[in-house]
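Novice: Assemble the complex: chain A is given as a structure, and chain B must be docked to it using the hints.
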Amino acid sequence: NAGVTQTPKFRVLKTGQSMTLLCAQDMNHEYMYWYRQDPGMGLRLIHYSVGEGTTAKGEVPDGYNVSRLKKQNFLLGLESAAPSQTSVYFCASTPRLQETQYFGPGTRLLVL
Amino acid sequence: GIQVEQSPPDLILQEGANSTLRCNFSDSVNNLQWFHQNPWGQLINLFYIPSGTKQNGRLSATTVATERYSLLYISSSQTTDSGVYFCAVSNSNSGYALNFGKGTSLLVTP
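Chains A and B, in that order, give the protein sequences.
Letter 34 of the first sequence, counting from 1, is numbered 34 in the working numbering, and no numbers are missing.
Letter 91 of the second sequence, counting from 1, is numbered 91 in the working numbering, and no numbers are missing.
Chain B with its partners taken away, still in its complex shape:
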């Protein structure tokens, strides 16, 4: 399957700080999603972004498909942003099932 590497693995921020999370992948993809897993374990869709740039409030994401990476930007972080952020990708080789990275664990302190 497609290899997905996320960095950094862990991140601690003070409230109000900005951060960039990175996702590298080993093959061409038709689908790339960013998720936030909250402390209760729920997976929340953030972006569907196989290419280009999208913004949603304080979050934005950019995928450069030709260079096989995606970036998730979090601005003015809040304690509620804490949790694990996953990047997941897919292509036609596995029925478009998502291949997940191991995630970036984010802790935002007051």
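So here's chain A without its partners, still in its complex pose:
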């Protein structure tokens, strides 16, 4: 049982490049979330999903897209990366509402 895993762990992009971050969970959780963490800040919600095939916008969705084609995977896409998207990205999942959210180890992204 690996819990929540994220791929890649670290990536450097040039402005305008695209990439996809993968979050996978093996706990059969319904709910999945993408957050970003900037220096000196708590985490802020980008997008979330309440089940397979569903997604919704969070607090800071601009410049990102997501997909949840399979229950265990939640993908975060950057179509045209910008330096303002330099951050640490965390994925989380939870089996039901009002329960503990479990976090992945994070992906460090640097956009030059």
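Please keep in mind that the hints were generated in silico from the structure rather than gathered at the bench.
Quick reminder that beta carbons are idealized off the backbone N, C-alpha and C, glycines included.
Each hint should be verified, as a subset may be incorrect.
[Unchecked claim] According to the in silico footprint, chain A covers these stretches of chain B (three or more CB under 8 angstroms from chain A):
| id | stretch |
| --- | --- |
| 1 | 24 to 34 |
| 2 | 39 to 50 |
| 3 | 97 to 109 |
Specialist: Below, chain B without anything else, positioned relative to chain A:
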């Protein structure tokens, strides 16, 4: 979203000392979690505590939901307790996604 304020923002302790971290929130919540972010950036769940009191070893937490605050107690602190402690809350308005405070940065010195 729900506003979350944590205090103090920074704290320096000597090993063996006790401390209390506070989290105030602006709306009713269904979920409140405390996390420890270690120096490697990993987020570690400490407590799921939307109300009541829980204890886990040297750590304990109390949430008074009606007064919209939670407290995290660290007793007999150790250097490995260093890091940032986050409080995060949620309710039904955002799919139960967590709203994080800015954290309390704790440094425990030998």
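Novice: All the hints need checking, so say for each whether the structure fits it.
Specialist: Results for each hint:
no.	hint	verdict
1	24 to 34	holds (count 3)
2	39 to 50	holds (count 6)
3	97 to 109	holds (count 7)
When the structure is compared with the earlier hints, no violation turns up for any of them.
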